[in-house]
Amino acid sequence: MLTFQEVSAGYGASLVLRGVTVAFGPGLHVVLGPNGAGKTTLFRVGAGILPPREGFVRVLDQEVHRNPDAKRHVAYLPHRPALHPGLTVQENLEFWARVLGIPVRVRRTRIPEVLERLGVLDLAPRRAGTLSRGQAQRVAAARALLQEARILLLDEPTAGMDPEAARTLRALVRDLARSGCTILVSTHNLYEANELGEDVVLLGAGRVLGRGTAEELQERFAPRRRVALRVVGDPRPAFARLGLEGIREGSRWVVEVGRDEDVGRLVGALVEAGVEVREVTGLSSPLEAVYFELLRDPPDA
Amino acid sequence: MRDRMNAVRLCGALLWRVVRDQRGKLVLAPLGYGLLALAIMLAPIYLPEGGATALRLREGLGMLVGPLPDHSLAVALAVVVVQGPYLVGVLASVAGAVLAQVTVTSEMARGGLELLLSAPYRPREVFAAFLASSFLLVAFSWAVLTAVAIGLPVLGLAWLGAPQIPSFYVGIALFVPLPLSLWADLIASAVTLAFPSLGLLRVGTGSTLGQFLAIAPAMGALLFITIRPDVHPAKLGGAALLLGLGAVGLGLALFSRAFRVEVLLEG
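Protein chains in written order, with our numbering: chain V, 1 to 301; chain W, 1 to 267.
No lab work stands behind these hints: they were computed from the structure. Predicted, not measured: the structure shown is a model, and the values here were computed from it. Accuracy of the hints is not assured; some may be wrong.
[Said to hold, decoys possible] Some chain W residues well away from chain V (every beta-carbon gap over 10 Å; in silico): (1) Trp16; (2) Thr105; (3) Gly112; (4) Leu155; (5) Ile165; (6) Tyr169; (7) Leu242; (8) Leu265.
[To be verified] Simulated restraints on C-beta separations: (9) W:Arg260 to V:Met1: 23 to 33 Å; (10) V:Gly250 to W:Asp21: 51 to 61 Å; (11) V:Gly212 to W:Ala109: 31 to 41 Å; (12) V:Ala13 to W:Glu59: 53 to 63 Å; (13) W:Leu252 to V:Gly25: 37 to 47 Å; (14) V:Met1 to W:Ser207: 30 to 40 Å; (15) W:Arg260 to V:Pro85: 26 to 36 Å.
The beta-carbon is built from N, C-alpha and C at its ideal position, and this holds for glycine as well.
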């Protein structure tokens, strides 16, 4: 369990987090927000790196900034892989195992295990400086697993990975969440957020703006959705009857509707009016709608 | 006690990483600097009459060993034992400052410090381990450099029949470069860690304010012994040693208070 209680934190004169109160239990949580929302700062405070100016963070009932041993329960994967370029992959993990004080006997088996788990065991003798960004990010993820922590904070973990590697990592993250770990993932990738987001925390201007499933967030922040229709016949009388405005874009009509049920009503009205409906497409995923709504109209503005 | 044990463990890990990364190359830089210092110090042997500064330094050597035979060995010995410690101090300081600044800035640039701070240590333990590992590397560098640039010529010149230098002064001469290089390492790394923007402030081409402050004491000491060879070498060496150690202690105390994590993570 990771709990932020009234946490304010920042750098120099700028305050990035403003009184954040949020708790995360076992499972997978996605932290979503535009640049500057405070995602990385939230992770840094949660990992015990950056001390809060106000409030506190508890890790399994221990205050992490007062008791550094509590950091043993939190593994942090920073946005940058932070590998030492002159060392091999194996040596990078060996170094981290030494930093954590993992006994030699344990590290001998655990290092190949985590490398295997991330599919990078064959890279073990390679110098980290010769890895691609995606490979380095996988090795860094393996390093985070080395700690066997109950809480994982992954700051944009799939950045720079090819689609296959990203999918492997997402599958691993889901597996770990199922095994009882508490996992926080920050991402800009809306597809990824949609795919992982059983629980999405929306962060904006250093505050938690909302939390829930993608659908719940859409209800709150972007309740209207846009659909594209390909039809045969004139749909405008049906739009007018429902009080909707349709815009012609090439061979399709784009209409903004309220809820999912309204889409059914719209199709019903079109069919009643003798219009043949060939295709109905949602133009944005729920989270995408929320994300752009948040960017367009930030709560502080 | 817990702090110390943790800092020692982390320091061990950091040193292990440097050794794995550098391997045999660790010895190359101090060896190169040592040979350079040796070449500079022994050059006056080949100058007509030994050179004016060398001859004045010979007078300083006379204060330590009494009347000197009038030959080039005495000139060489004077440069090595009177001026040598400060020249070695400058080179060791440059090596220490560059090592510290490169280590700290590259660690910060690739996010290594952020990662270390996420490990189960207090920020001050990370700071202490960082400095301690850096100090040990500088001490290693000093040992190689001093052995090559001062130890070897003193033994060699004694074998060739140069006057015997009092052992207490040989001790001073060997140790004077150590606090000067530790100071350079401390300033370069601590200024970068505690005041990153100040540490990276450029002064002239390529140098930073941190590096300038780091090597300034060694440069000042070398300048002093060059223009005032009439000061008793043992008094000057003893003063440089004590002042250097005091400055390092004071600097450590001040910088450990000034170290703030959010400054490191800013930007």
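- Hints breached by this structure: Hint check: 1, 3, 8 and 14 fail, others pass.
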